[in-house]
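If you read the protein sequences in the order shown, they are chains A and B. Be aware that the first sequence starts at 1, since it is given in our numbering, and climbs by one per residue. Be aware that the second sequence starts at 1, since it is given in our numbering, and climbs by one per residue.
Calculated directly from the structure, the hints in this document are not laboratory data. One or more of the hints may lead you astray.
What the hints assert, rightly or not - Here's a subset of chain B near chain A, in silico, CB distances under 10 Å, partners left out:
| hint | residue |
| --- | --- |
| 1 | G41 |
| 2 | S45 |
| 3 | T62 |
| 4 | Q66 |
| 5 | L97 |
| 6 | G102 |
As the list claims (entries may be wrong) - Derived contacts from chain B toward chain A, CB cut-off under 10 Å, selection only:
| hint | residue |
| --- | --- |
| 7 | Q6 |
| 8 | L35 |
| 9 | I43 |
| 10 | T98 |
| 11 | G100 |
We put the CB at the ideal spot given by N, CA and C, even for glycine.
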Amino acid sequence: SQTIHQWPATLVQPVGSPLSLECTVEGTSNPNLYWYRQAAGRGLQLLFYSVGIGQISSEVPQNLSASRPQDRQFILSSKKLLLSDSGFYLCAWERRWGLGSSYNEQFFGPGTRLTVL
Amino acid sequence: KNEVEQSPQNLTAQEGEFITINCSYSVGISALHWLQQHPGGGIVSLFMLSSGKKKHGRLIATINIQEKHSSLHITASHPRDSAVYICAVNGGGADGLTFGKGTHLIIQP
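Given only the sequences and the hints, what does the whole structure look like? Please build it.
Structure follows, in C-alpha cells:
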C-alpha cells in the first residue's frame, strides 16, 4: 500500500530564517506530486506541482521554491521566511498511469503547520 | 481558471439531521473531489466523482456535469461528522486541484 510522509509536523520559525519541508511517498513510482498551502482563514491553494524528477511548475509567484531530487521526494524551501508564509502546508500525490494522463485521485499527507514570528 | 463556490460556509445542525453541502464550479472538469478536514488539519478524501452518484456509509455525493454542480449529503448526522468539508475540482491535467473555501459543519448532540 501507498503512504505519504511529511515532516516536521509543526514548525515555528523567525522571519528571515530559511525553510525546508520534506515530503516522501512510499509504495508507488513516478507519481505526480503537489504542494498546497492553507493560510489562516483561507482555502487551500496550489503552490507547486511536479510530474517528474527535476520538473517543477509553480502556480503563484511567491517567496517559496520546490525541488524534486528523487522520484518520491518533494521538498519545499525558502531562503528567507516572511510572516505571510505562515500556514498549513500539505503535500499530495497522484497516481499517473501513462505519459500525458493522470488518474486524478489525490492522496494527502498529514501536513506541516508553519508559524512565522 | 476554475472558480469553485461552496455553500453554506458554516452550518450548525442537531444530531440526526440530514445535511446538504453544495458546490458549483465555472469550467468543465474531469473530476470533482469531496474532502474532509478535521481540526488537526489532516485531510481525508471522501469521494472522487466524474458523473452520477456515489455512496459510502451515511455519505452520498452527487454531481451534475451539465449544471456544473455537486452536492454532499450526510444522513443521520452525528457529532463525529463535525469537520470542514471541502470541494475541489481537477481539470484533467497534472496541474493539481482547485479548492472551494470549505463548509464548516458542527453537529450538536
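Structure-based check of each hint:
| no. | hint | result |
| --- | --- | --- |
| 1 | G41 | 5 Å, holds |
| 2 | S45 | 7 Å, holds |
| 3 | T62 | 18 Å, violated |
| 4 | Q66 | 20 Å, violated |
| 5 | L97 | 6 Å, holds |
| 6 | G102 | 6 Å, holds |
| 7 | Q6 | 9 Å, holds |
| 8 | L35 | 8 Å, holds |
| 9 | I43 | 4 Å, holds |
| 10 | T98 | 7 Å, holds |
| 11 | G100 | 6 Å, holds |
Violated hints for the displayed structure, listed by number in ascending order: 3 and 4.
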